[in-house]
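K.L.:
Sequence:
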Amino acid sequence: MLFPGASRAGTVVELGTVGSTFDAVDDRAAHLTAWATLDQRAGRGRLGREWVAPAGKCLAATVLVRTKGLGEDAVAWLPLAAGLALAEALDPLVADRASIKWPNDVLVDDRKVAGILCERRSTGVAVGFGVNLTLTADELPTDRATSLTLEGAEGTAPVLADAILWHVMRSLDALLPALGSDALRTAVAAGLSTIGRHVRVSLPDGELTGTAVGLGPGGELQVETDDGIVDVRAGDVVHVR
1 MLFPGASRAG TVVELGTVGS TFDAVDDRAA HLTAWATLDQ RAGRGRLGRE
51 WVAPAGKCLA ATVLVRTKGL GEDAVAWLPL AAGLALAEAL DPLVADRASI
101 KWPNDVLVDD RKVAGILCER RSTGVAVGFG VNLTLTADEL PTDRATSLTL
151 EGAEGTAPVL ADAILWHVMR SLDALLPALG SDALRTAVAA GLSTIGRHVR
201 VSLPDGELTG TAVGLGPGGE LQVETDDGIV DVRAGDVVHV R
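First residue of the sequence shown: 1, per the UniProt record's numbering; consecutive thereafter.
One should not assume that every hint holds.
Straight-line Cα separation of at most 20 angstroms, DMTMM-like style, residue types lysine to aspartate or glutamate; simulated pairs [unchecked claim]:
| id | residue 1 | residue 2 |
| --- | --- | --- |
| 1 | K57 | E151 |
| 2 | K57 | D138 |
| 3 | K68 | D96 |
| 4 | K112 | D96 |
| 5 | K112 | E154 |
| 6 | K112 | D73 |
| 7 | K112 | E139 |
| 8 | K57 | E154 |
| 9 | K112 | D138 |
| 10 | K112 | D143 |
| 11 | K112 | D91 |
| 12 | K57 | E139 |
| 13 | K112 | E88 |
Now the in silico label distances, taken between C-beta atoms and shown as ranges [as the list claims (entries may be wrong)]:
| id | residue 1 | residue 2 | range |
| --- | --- | --- | --- |
| 14 | D138 | T186 | 37 to 43 angstroms |
| 15 | D27 | D226 | 23 to 29 angstroms |
| 16 | V230 | A55 | 27 to 33 angstroms |
Keep in mind the hints are simulated off the structure, nothing from the lab.
All figures in this text were calculated on a predicted structure; none of them were measured in a lab.
From the three backbone atoms N, C-alpha and C, an ideal C-beta is built for every residue, glycine too.
My request is simple: use the sequences and hints to build the entire structure.
P.N.:
Structure below.
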């Protein structure tokens, strides 16, 4: 069994070589069922991007979160809640240097180590994420990426993957009652490295630049520009160095 620890947090379907873990999700499955692999060949991210990784060196997982009884405003917080859960899972492995980049990446010292994508399903939300576990510098897709091993994490890919999946599954379940609350908003904001940074945001109708100053009540990124505060609900954000 590849994920013995995570199996204590919920049902884990261990996959072999797959295109994307999203394709394996069964909407009839129980709450917190996870589909996970160390060999995903056609992972996908936001804006149609691909997540490509060498076999055996990255964790790819999708967790089905049933959202019956939750309002739309609460469900809208799931991507950021997942980011918080994932950052907290990685933090002890990298000496507390993990942070969230709005809206769906996890960084270590400003380099991307993990990404999140959420998809609505008939019974809830499929929370997908990928983590660079043991990639070498030569195997990274860009110079803005990193891996846990490169950041000092100890352990084999299976050991790291099991610990991360267990933590994320437990945290997602614990965070559900807090979705949309001021407490979650405060916790996510504290974990965001985007806040306080000068950012460039690509939007469907153009681009804006300014300083990220906070989160709105719906999880939108608040950017202070020359013309005032703009609430960004969707967009591609770059931390300007």
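K.L.:
Output the indices of the hints that this structure fails to meet, ascending.
P.N.:
3, 6, 15 and 16
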